[in-house]
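J.: Listed below are the residues making up each chain.
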Amino acid sequence: MNRYPEIADRLMGLDEAVSRFVKDGCQLAIGGFTITRNPMAVAYEIVRQRVKDIHLVCHSNGQALDVLVGAGCVRRLEIAYGGNGRYAPTCVRFKKAVQRSEIEFEDYSNYQMSLRFLAGALSIPFIPTKSGLGSDLMNYEGFPPDIRREKKVASKKYAKMQNPFSEQRDEVVLLPALTPDVTILHAQFVGDDGTVRMKGLTFADIEQAKAADAVIVTCEDIVPRSFIRTDPDQNSLPPFFVDAIVKVPYGAHPTACYGFYDYDPKHLNLYRKMAEDDALFREYLDEWVYGVSSWEDYLTKVGMEMILKIKANPVIGYAPGLDRK
Amino acid sequence: MNRYPEIADRLMGLDEAVSRFVKDGCQLAIGGFTITRNPMAVAYEIVRQRVKDIHLVCHSNGQALDVLVGAGCVRRLEIAYGGNGRYAPTCVRFKKAVQRSEIEFEDYSNYQMSLRFLAGALSIPFIPTKSGLGSDLMNYEGFPPDIRREKKVASKKYAKMQNPFSEQRDEVVLLPALTPDVTILHAQFVGDDGTVRMKGLTFADIEQAKAADAVIVTCEDIVPRSFIRTDPDQNSLPPFFVDAIVKVPYGAHPTACYGFYDYDPKHLNLYRKMAEDDALFREYLDEWVYGVSSWEDYLTKVGMEMILKIKANPVIGYAPGLDRK
Amino acid sequence: MIQYSDNEMMALAAGRFIKDGDIVFAGTGVSILAATAAKRIFAPKAVIFFETGGIDPSLDEIPMAVADLRAMAGTSLNSGLIEAFSIVGHRKLHTVAFLGAAQIDRYGNLNTTCIGDYFKPRTRFSGSGGACDVATFASGVITFMQHEKRRFVEKLDYLTSVGWYKGGNSRKELGLRRGGALAVVTNLGVLRFHEETKEMYLAEYFPGVTIGKIVESTGFPIDTSMAVEADAPTPGELQILREEVDPQRLICQAVLAAPQK
Amino acid sequence: MIQYSDNEMMALAAGRFIKDGDIVFAGTGVSILAATAAKRIFAPKAVIFFETGGIDPSLDEIPMAVADLRAMAGTSLNSGLIEAFSIVGHRKLHTVAFLGAAQIDRYGNLNTTCIGDYFKPRTRFSGSGGACDVATFASGVITFMQHEKRRFVEKLDYLTSVGWYKGGNSRKELGLRRGGALAVVTNLGVLRFHEETKEMYLAEYFPGVTIGKIVESTGFPIDTSMAVEADAPTPGELQILREEVDPQRLICQAVLAAPQK
Chain R
1 MNRYPEIADR LMGLDEAVSR FVKDGCQLAI GGFTITRNPM AVAYEIVRQR VKDIHLVCHS
61 NGQALDVLVG AGCVRRLEIA YGGNGRYAPT CVRFKKAVQR SEIEFEDYSN YQMSLRFLAG
121 ALSIPFIPTK SGLGSDLMNY EGFPPDIRRE KKVASKKYAK MQNPFSEQRD EVVLLPALTP
181 DVTILHAQFV GDDGTVRMKG LTFADIEQAK AADAVIVTCE DIVPRSFIRT DPDQNSLPPF
241 FVDAIVKVPY GAHPTACYGF YDYDPKHLNL YRKMAEDDAL FREYLDEWVY GVSSWEDYLT
301 KVGMEMILKI KANPVIGYAP GLDRK
Chain U
1 MNRYPEIADR LMGLDEAVSR FVKDGCQLAI GGFTITRNPM AVAYEIVRQR VKDIHLVCHS
61 NGQALDVLVG AGCVRRLEIA YGGNGRYAPT CVRFKKAVQR SEIEFEDYSN YQMSLRFLAG
121 ALSIPFIPTK SGLGSDLMNY EGFPPDIRRE KKVASKKYAK MQNPFSEQRD EVVLLPALTP
181 DVTILHAQFV GDDGTVRMKG LTFADIEQAK AADAVIVTCE DIVPRSFIRT DPDQNSLPPF
241 FVDAIVKVPY GAHPTACYGF YDYDPKHLNL YRKMAEDDAL FREYLDEWVY GVSSWEDYLT
301 KVGMEMILKI KANPVIGYAP GLDRK
Chain L
1 MIQYSDNEMM ALAAGRFIKD GDIVFAGTGV SILAATAAKR IFAPKAVIFF ETGGIDPSLD
61 EIPMAVADLR AMAGTSLNSG LIEAFSIVGH RKLHTVAFLG AAQIDRYGNL NTTCIGDYFK
121 PRTRFSGSGG ACDVATFASG VITFMQHEKR RFVEKLDYLT SVGWYKGGNS RKELGLRRGG
181 ALAVVTNLGV LRFHEETKEM YLAEYFPGVT IGKIVESTGF PIDTSMAVEA DAPTPGELQI
241 LREEVDPQRL ICQAVLAAPQ K
Chain W
1 MIQYSDNEMM ALAAGRFIKD GDIVFAGTGV SILAATAAKR IFAPKAVIFF ETGGIDPSLD
61 EIPMAVADLR AMAGTSLNSG LIEAFSIVGH RKLHTVAFLG AAQIDRYGNL NTTCIGDYFK
121 PRTRFSGSGG ACDVATFASG VITFMQHEKR RFVEKLDYLT SVGWYKGGNS RKELGLRRGG
181 ALAVVTNLGV LRFHEETKEM YLAEYFPGVT IGKIVESTGF PIDTSMAVEA DAPTPGELQI
241 LREEVDPQRL ICQAVLAAPQ K
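Residue numbers (the numbering used here), protein chains in the order written: chain R, 1 to 325; chain U, 1 to 325; chain L, 1 to 261; chain W, 1 to 261.
One chain only, chain R, in its complex shape (with noise of 0.2 angstroms):
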């Protein structure tokens, strides 16, 4: 600890990152998209604390998503895509969960989500978009209205208002902000001084991040300020919005992580294969979760030879030639 002593006090491991920040009940976001940079530590961390009744509020996650609803932890969804690109054109445990009505779910677009975080991240309590017009998204309301009246639940779906600043008929959809208790995210990079540093695609994390009262960060590394603040036109988040910080090295997999490694194809094929019945879902979760005693075991598990196969190549990115089938 004593080399990190600017962030000495928010460095911590993950099990009491999720027991501060995790709370049964908790309106939870999650950085990341299908198959890339989803905080799988963290959430198998959750799975593992065994939280409960958790408001997920995604735009396209995926495999953090679908553990989390195939493990109970998940209550109330409010999501755009539940799918991990081939690998899963719908998360199957996302999709079991709705057609066996077991959660509580309201059905947004990406950029209605995205702009809900931004939203939330401005501390605007809503923001217009014509996306929406015409689509069911805006004719069904997933949530029935005892729900309406809790905590971080918005009062309605959406609004709809003519553009006060046009004479003829302009209507506009207005979407409520988002303001979760909590988002967690994975970065390439946190400095010694609590700077958040992400490669490659930056989806909404960064929206995520500002609108939540709480942060999660797993990282790769974590490198000197000196490094950090070389370029600072790089850097994604500044320290004064990071509540904790976890070195999880390859804290993204089975999903991907630009310029270290690439997602593990073979891991998500398993996955769903496993996930397609209830009894080998438990023993996913048992073997994979539930069973592991230490980031270290799981990895062990994952093998080297699967470890040195999706290495990205630094400058490219990802992992050239992999076979991905």
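Distance ranges between label pairs, derived from CB positions: (1) U/Thr300 / L/Lys172: 50 to 60 angstroms; (2) U/Pro224 / L/Leu93: 20 to 30 angstroms; (3) R/Asp278 / L/Lys149: 25 to 35 angstroms; (4) U/Lys152 / L/Glu196: 31 to 41 angstroms; (5) U/Arg100 / W/Glu154: 20 to 30 angstroms; (6) W/Gln239 / U/Pro314: 24 to 34 angstroms; (7) L/Phe42 / U/Ser226: 19 to 29 angstroms; (8) R/Glu283 / U/Ser166: 42 to 52 angstroms; (9) R/Pro224 / L/Ser58: 23 to 33 angstroms; (10) W/Arg150 / U/Glu305: 36 to 46 angstroms.
Hints in this document: simulated from the structure, not taken from any laboratory.
Every residue gets a Cβ at the ideal spot worked out from N, C-alpha and C, and that includes glycine.
Mind docking chains U, L and W on chain R? Use the hints.
T.: Chains U, L and W in isolation, oriented as in the chain R frame:
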């Protein structure tokens, strides 16, 4: 030109960029902020071409604004701040023009103007904020009703509404989007693929560019695609938002350009003194704008001694020890 | 005789709609195959980008998801979702989007949400993702479909993404300034939309496919009076697809991945 | 006896308000002197940032404008205006803003726009800039003023930035969730605001200044019953100001730059 095949149709001189895109009566947004990264070479060329009746929309533009107002190019101004930091707490020709009722003007705040550009960039007609509540910014409309019907002028300065997602009283200000006819920017780098990279603070330049119908970018240099695409996380604008590219080294002088040169304190002080007097200001324009035959001629007037003094340390970003009194 | 897969035929048929200067919004599967084929064969000055924010990636390998690292390598810019969707709707850009769907109706409206009741669906799909957004904002949408009667339906179980809405002028009346369904490319042919009514009609049937097969695979009556046979892929086109666009043959040889049943 | 300038006294008096963990919104002149002094002397864990988007710069030299390259060197992050203002108002941050003004009233409302009629002003100033925004959003505002009767006025010619508005609960009633005027630091002393009425009162007078001088330099009646003499700067504080904060003595020895007459 053959070196830059991808941008050949957009590479041009200052004269062509201005004559093609900056028309009499157009709405113009200027990048940069007070004494940094103002697109001065373009501003001077606008003065030289005697463009008239410009509707200028700025947050805190300084030097370019003042030259354009002083030279009589501006008829209408929406602005948050007309100042040059310690070199002119209020921009001198802007001050005189308002006091003499020579221009139509409307005041907003910096955040309000930035949000208006953001709304334009997002193609939404308005954006809410709490900023302005209680301020005379919301009590005085600068523009009379007849102007309100003109192209690119908002039908009213702002609207107020109750937050439809709250049952308590919660009033917000709605600000109309800005969609300038043209935005002019100065950047450090443009790739030969048309990608723009700014270094240091970007202010609201990116929102101003995306909000506009046309964008003119001047740059310190044009760099190979292979360079600009090796770390694309650092880039500011994709090629398809840029309509004219002009290579103008020191194109922001006397304002600063991070990593390349500092502001020129001697010139900023000279300008302020000459701007205070109408006859001297005409001399300034004659000497520094109308009287120069090319940008090389302008830089020759600035002089090698000053060019060396303001040269930025490329790592530190500015010129340490520069006499800035 | 030249052998080719459905995906290859579809990618080339769709790719021909792309023009130089178009900004192409791509997804995964046949969509990214089509977008890349368009750029390498028909419209080298088109720009491919993803809703995730990756603009003009080098695409030396084919992405398996829009968040694939391959969508952020060699790009002009790596931005975020908000920037990406603001590009789709930008008035100065001509943007063409490739989408897929579980169901489509005669006006090109799409369902990627569910089959059956929304609250207790028989089948739940991934949801809108960015589909509703790009259907709202793009200059035109090209949709890839498996051509089956249960997918070409009289009435969608859920209207996720607006095409021509209720036909005629109804899309404009919603307040949407531009856009609409440009074409539907299936494993059997290419469908377009009547200028006035905005109803779907058969424009092209693929070599070896009969008009009758298409009519019986479509769940609503369809005008076939203007249908012509599509050109088969040329050996040159297939070579580019297989050697440059998808050298690992991840999509070329696969069947179209529609949302699961 | 220790010699020091008005700016040095003001910077130190204001700097003492800053606590570890505060996010300090700084401007130019005495404001940046105060912010940097606070960080180097009183609150090393405070973070200085600028409306231009520069967060926690190294400040090896003092910026002459908020867009000075020195506000973007050695930072944690270089962002933009929108990000900067969203930080000022963020509910999880305690943000303190330093502002300057041409006029102030008893409730700490500020004018940086004009003297005289708005449309035909006798004197036009720079305008709001970010002042209205930070006065709206910050947890507290500290304003620097030249202490003159014509600047401390019964009624502002233009209310650019809201302090306690009309006193009492009126700021909250506007819909502003937090913030308000924390203190006013002048060349004569430090003024604060009554808990209930939100009216300005004299908290400190600087060494060598009489209460009478302050009363006659203020254009409205002012409660002086709680006034105490401020501590003079210590040699150690002045040394840090002059050698570390402003080694080029650009601000330390200058007079306060108020908006021009």
